Amino acid sequence: MRFTPCNERDREEMLKALGIKAASELFVDIPKDVLLEKQLSITKALGEMQLRREIESIAALNKSAKQLSMFLGGGCYNHFIPATVPAILGRSEFYTAYTPYQAEISQGMLQAIYEWQTYICLLTGMDLANASMYDGASATAEAMIMAKNSSGRKKVLVAKGLNPEYKAVVGTYAKANGLQLKEIEVDELQNEIGEETACFIVQQPNFFGCIEKLHEIEKKVHERGSLLVVAVAEALSLAFLPKLAEANVDIVAADVQSFGNSMNFGGPSAGVVACRQQFMRQLPGRLVGKTVDASGKEGFVLTLQAREQHIRRERASSNICSNQALCALASTVYLATVGEKGLKDIAKENHENAEYLASKLEKAGFEFPFGKNFFNEFVVKRKDAKELQQKLLSKGIVFGLSLEERFPELKDCVLVAATEMNDREDIDKLAEQLGVLLWS
Amino acid sequence: MNLSEPLVIRHFTGLSRLNFGVDNGFYPLGSCTMKYNPKVCEEMARLEGFSLLHPLQPLQSVQGALRLMYELEKMLCEICGFARFSLQPAAGAHGELTGMMIVQAYFKKKGESRTKVLVPDLAHGTNPASVSMCGFEAVEVKSDSSGNTDLEDLRAKMDENVAGIMITNPNTLGLFDQNIADVCRIVHEKGGLVYGDGANMNALLGICKPKDLGIDVMHLNLHKTFSTPHGGGGPGSGPVGVVEKLVQFLPLPLVEKNGDKYAFEFGGENSIGKMRSFYGNFGVMVKAFTYLRAIGSDGLKQVAENAVLNANYLLSRLRKHYHLPFDRVCMHEFVLSDKGFPNNVTTNDIAKRLLDYGFHPPMVYFPLIVKGAIMIEPTETESKETLDRFADAMVKIKEEAAENPELVKTSPHSMPVRRLDAVKAARQPDLRWKE
Chain R
0 MRFTPCNERD REEMLKALGI KAASELFVDI PKDVLLEKQL SITKALGEMQ
50 LRREIESIAA LNKSAKQLSM FLGGGCYNHF IPATVPAILG RSEFYTAYTP
100 YQAEISQGML QAIYEWQTYI CLLTGMDLAN ASMYDGASAT AEAMIMAKNS
150 SGRKKVLVAK GLNPEYKAVV GTYAKANGLQ LKEIEVDELQ NEIGEETACF
200 IVQQPNFFGC IEKLHEIEKK VHERGSLLVV AVAEALSLAF LPKLAEANVD
250 IVAADVQSFG NSMNFGGPSA GVVACRQQFM RQLPGRLVGK TVDASGKEGF
300 VLTLQAREQH IRRERASSNI CSNQALCALA STVYLATVGE KGLKDIAKEN
350 HENAEYLASK LEKAGFEFPF GKNFFNEFVV KRKDAKELQQ KLLSKGIVFG
400 LSLEERFPEL KDCVLVAATE MNDREDIDKL AEQLGVLLWS
Chain U
0 MNLSEPLVIR HFTGLSRLNF GVDNGFYPLG SCTMKYNPKV CEEMARLEGF
50 SLLHPLQPLQ SVQGALRLMY ELEKMLCEIC GFARFSLQPA AGAHGELTGM
100 MIVQAYFKKK GESRTKVLVP DLAHGTNPAS VSMCGFEAVE VKSDSSGNTD
150 LEDLRAKMDE NVAGIMITNP NTLGLFDQNI ADVCRIVHEK GGLVYGDGAN
200 MNALLGICKP KDLGIDVMHL NLHKTFSTPH GGGGPGSGPV GVVEKLVQFL
250 PLPLVEKNGD KYAFEFGGEN SIGKMRSFYG NFGVMVKAFT YLRAIGSDGL
300 KQVAENAVLN ANYLLSRLRK HYHLPFDRVC MHEFVLSDKG FPNNVTTNDI
350 AKRLLDYGFH PPMVYFPLIV KGAIMIEPTE TESKETLDRF ADAMVKIKEE
400 AAENPELVKT SPHSMPVRRL DAVKAARQPD LRWKE
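Sequence order for the protein chains is R and U.
All residue numbers for the first sequence refer to numbering that gives the first Met the number 0, where the first residue is 0 and numbers rise by one.
All residue numbers for the second sequence refer to numbering that gives the first Met the number 0, where the first residue is 0 and numbers rise by one.
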């Protein structure tokens, strides 16, 4: 066996030491009637060469962003990943380690997470951030539970512009927690929010790409003693828009896929919850803190564990244990590589590409039902949008996400995105193909 | 701050050298199944045909991804005996939460309002936390003197108000619960469901199927049993499998095959809904799929047998030297304690001293019912030589505790830092760098 180092002789010696003839004798406690008599019906083992061929042939049935022009966002973005990221992620001291329970032998991961917490605080302006969550959607759901626990209130309002994936997950968690969830338009907030509302969840920029007026929202939310939870599905927007803390946001739930994580068909990426100081004890998940060792030297540990399930069990702030540490590390390396100015430049480039795309689409006769107050994605409308999508796909262009299935009222509407990967050449190619399709 | 690339690489390479993974050495962290992570799995997950897929791409352009998910699910069903699996949960605890929501939805549909869930005193902390995240009350069930579920206590607590039990088998003592058949019968007789925490599935691969033991819903940890790396704390993947009657409650979408085409099935009014965005940690699924294809059906049983043999052998080397609270044939792991150790040397001291011998310490102070627990899981991917070296170190530490206790109590001596002040960290939280 390739992955089991004990050879026959070792096994014989071990069996002898135990005074038994075969390893099967060690399964004495398992009821006889359930022991399997024949092998499982799974294919036989494959050698590495055959194995590669098979897996590669399955991968070849897909069309990747290398083969397709991707104008698709909606909570997952095709961004460039610098070579430093895979180089560091490939260090198996990181990727084959467990959660850093034993601090003295895990200083590398612990410091990296501390740096990550710092980056998230710098990007959002919030006081503290946890060591990561599964993704942006579950982070948003956990933020909702934080709001419930710290306010004792049982009603939650969700903006219609929250990503449908996030909305679905928030809905699942709310149902299980006995929370009453209501979806509203942002301009209904004043009427809908009340003394029973634990929080209002709004996405920035929202699912349709629009930049929300958080300052106005914040006042209405806080007037009623409710909390403002802001979900961020496109983390790069943090480098383009004013810091969330400036709008008095209470809790931020973000997905950082955009920072150095491949799209991976939707996972893994990492989520994160950041918040104001006063919610520290309600924060779910791991936290790394700086401290000193027995000789006064600086070092890092997992801290404030009294919130967590392995200490507090049924009274924990969340049940989360494993998070997405390696994806958080990817983001940390990404942010260190591109730097503050680099990140702002990338964000600006995204916005400019999106504006260029919008101008080309406008010329091609698309309407903008939500206007043009966007960062790097927006909604366009045209009677024949669906038909064009199909035709463009045959030309190797993924022209956005049709919204009709998820939002029946948005017939003929498509959500399109442009990142730094969609440069002018890419957009010109799209415009040219559109031209051919529209005028032929 | 703007850094040049050489500085970035030196910084993070430097950090990596302060870390320790399975590739660096023995990592017998009980309950975590720290087995070797085959390199080919990593490479396959990085193939552009997998890593550069957008989750909302047209289905005809992601048929390979769907096929992989479909076939992985089929394999997991065969291994466990379940009708279907959802691959969506992102980690073990996320799988538990999913499972508890399924239990909740099942009773809701039946029109029953059951308010409690039984959790053995041996359970992982995530179990009671998952229970209360669904609004259930967690009620503890005791273990008996043999390390099995105490049937008398179970009978006293199981009634029509109880939705079910969360059971880990082999349990966190590393013992196969000899009462499992009775546990499932008692719970089922009162209409309850049995949830299986699959963290310890490594011991049962190809040996028996959890469904045949009477389990109704269970999560697996692809990052434990199926050899995908732990990533320093994730990403993991915690697929949830269920018996036929619970399939309708699984998170959506599931992958269906029609002819030679694969599609996502989003229907199903009884589904608990979505647990995370899109379809789960797909990259992790690719690694687990590759692993399963690499070892095949013949390899699966060998994994379990070697894991159990390694654990029993290591136990045989240590039983004379360390207190063994439950003296039985163990499965893939076993639990010792610091009871009777000389000069008040504690489990924590032993763990820290092991660092000086080049080993990652075992899980410590868990399970909670064993005072000063030392939980050791060697896995099948260790050689006899490594097990012997570890046993030698453990024996040596006991000698040191008798002869030179200060050496052990002030360890580690060879790490980049000495013991860290956890109290200061919690009392004066410094959670981010500030200028």
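Think of the hints as simulated: they come from the structure by calculation, not from any bench.
What you are looking at is a predicted structure, and each value in this text was computed from that prediction instead of being measured.
Mixed in with the good hints there might be a few duds.
[Unchecked claim] A short list of chain U residues far from chain R (calculated; beta carbon distances all over 10 Å):
#1 Ala137
#2 Asp143
#3 Ser144
#4 Asp149
#5 Thr380
[Claimed, not checked] Derived Cβ-Cβ restraints for the label pairs, each shown as a range:
#6 Arg154(U) - Arg8(R): 47 to 53 Å
#7 Leu6(U) - Asn6(R): 42 to 48 Å
#8 Ile210(R) - Glu434(U): 26 to 32 Å
Every residue gets a Cβ at the ideal spot worked out from N, C-alpha and C, and that includes glycine.
So, going through the hints one by one against the coordinates:
no.: 1; hint: Ala137; verdict: violated, 4 Å
no.: 2; hint: Asp143; verdict: holds, 14 Å
no.: 3; hint: Ser144; verdict: holds, 15 Å
no.: 4; hint: Asp149; verdict: holds, 16 Å
no.: 5; hint: Thr380; verdict: violated, 5 Å
no.: 6; hint: Arg154(U) - Arg8(R): 47 to 53 Å; verdict: holds, 49 Å
no.: 7; hint: Leu6(U) - Asn6(R): 42 to 48 Å; verdict: holds, 46 Å
no.: 8; hint: Ile210(R) - Glu434(U): 26 to 32 Å; verdict: holds, 29 Å
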